[in-house]
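Enquirer: Please arrange chain B on chain A, whose structure you already have, making use of the hints.
So the protein lines, in turn, are chains A and B.
Our numbering puts the last residue of the first sequence at 216; the count rises by one with no breaks.
Our numbering puts the last residue of the second sequence at 1216; the count rises by one with no breaks.
No lab work stands behind these hints: they were computed from the structure.
Just so you know, these numbers come straight off a predicted model, no measurement behind them.
Glycine included, each C-beta is placed from N, C-alpha and C at the ideal position.
Possibly wrong hints are sitting among the right ones.
A few chain A positions that, by computed beta-carbon distances, are all more than 10 Å from chain B [said to hold, decoys possible]:
{"no.": "1", "residue": "P132"}
{"no.": "2", "residue": "I147"}
{"no.": "3", "residue": "G153"}
{"no.": "4", "residue": "L167"}
{"no.": "5", "residue": "K178"}
{"no.": "6", "residue": "R215"}
Okay, the calculated bits of chain B under chain A, using three or more residues with CB under 8 Å as the criterion [to be verified]:
{"no.": "7", "segment": "1030–1043"}
{"no.": "8", "segment": "1054–1063"}
{"no.": "9", "segment": "1082–1096"}
There are 2 protein chains.
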Amino acid sequence: MPGWPLWRGGRLWETESMTWEGPKPISRVVEGLSRLPGIGPKTAQRLTYYLLRASREQVGELADALRDLKDNVKLCSTCFNISDQDPCHICTNPRRDQSTICVVEEPLDLVAIERTARFGGVYHVLHGAISPMDGIGPDELRIRPLISRLGPGTKVQEVILATNPNLEGDATAMYITKLVEPLGIKITRLARGLPIGGDLEYADEITLGNAFAGRS
Amino acid sequence: MPGWPLWRGGRLWETESMTWEGPKPISRVVEGLSRLPGIGPKTAQRLTYYLLRASREQVGELADALRDLKDNVKLCSTCFNISDQDPCHICTNPRRDQSTICVVEEPLDLVAIERTARFGGVYHVLHGAISPMDGIGPDELRIRPLISRLGPGTKVQEVILATNPNLEGDATAMYITKLVEPLGIKITRLARGLPIGGDLEYADEITLGNAFAGRS
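Chain A with its partners taken away, still in its complex shape (with noise of 0.2 Å):
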């Protein structure tokens, strides 16, 4: 192997515009998109390759997406869902039943519902789980808001407890059953069992138990 003398004094690609990544346009993209949550620094550059190539109508129809997502999106004042309007598509619905609300701990688990299309009611996204290791209490929730919507005069006759089946949704869930209770409202929460298409086989001792206890 022949040796580059000169180049053996320092690293030759470590000039004020030149990275491991390439030219800066280059690296800036790839940085961005590194600091995204599941993907490495592979990944990100892979990924900006691919945009060099992609036609200048999709690079610049995802920017002007980005611009416009941190422009354009605002919570909605009554349930706390992500939207583009205030009140929210599904809060003005006429066709959405304005009697039932399902909580939810974020905007993504509604979607998830809405995906299901078994739900006509409207909901509240609490936006977190109370989580005392992570320094996150009611407060920090939206869930005096959830109370005030089932104030005195209220159409609401069902809150659907939507909240992760996990620890920190159950105590949110838990939270928010002794404050809803005094009310006379009927609470329910999603059932627990066996999810479709798995194999008893290989559920995990407290599904299969929630299974047992909750079979009808």
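Expert: Below, chain B without anything else, positioned relative to chain A:
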């Protein structure tokens, strides 16, 4: 489970500005991201909701970087590497050895070689490999400009063929060899053998066979 009679008539979520993914600004980003290779709709959604919570600066920086990528990246007219200037940083770097050209298929191959910090010469990027199956012949690649770089009065003394160690890469290397040999310039190829950190037991038979043939 209560029935939502009004809702049973149609899909509640399918209004003009609301899709499965949520309001329009969100679904635009989800759509844009899910068009990237290796990013499915679920990942795109997760990334989008992450971006919603990210700082305005972070999202703005990514959007700007994407714009910049298309506006400020060009091909070096000498080596055809991707760069923000022409000729590129490597071709104009006085510390690079202009007498050795390393021929690679893609810009990312160049990045991989730069990362080894073991090569101090210059490059030539073919932008692909000969692949009759995909309708890519020598004329679709930057082979002609490579030959021009080796013409009368050239300083080049060695051409390292660093095409991929597969059928297409080998065909491309063979084709270039035939063109360069008559010019009396030294041609070398990257060594083939066992990858470092690999286990002999798990090496495929072709790699192992190459390692035997190339023993020294």
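Enquirer: Next, verify each hint and record whether it holds.
Expert: Now for the hints, and whether the structure bears them out:
{"no.": "1", "hint": "P132", "in the structure": "22 Å, holds"}
{"no.": "2", "hint": "I147", "in the structure": "22 Å, holds"}
{"no.": "3", "hint": "G153", "in the structure": "22 Å, holds"}
{"no.": "4", "hint": "L167", "in the structure": "22 Å, holds"}
{"no.": "5", "hint": "K178", "in the structure": "24 Å, holds"}
{"no.": "6", "hint": "R215", "in the structure": "18 Å, holds"}
{"no.": "7", "hint": "1030–1043", "in the structure": "holds (count 9)"}
{"no.": "8", "hint": "1054–1063", "in the structure": "holds (count 7)"}
{"no.": "9", "hint": "1082–1096", "in the structure": "holds (count 10)"}
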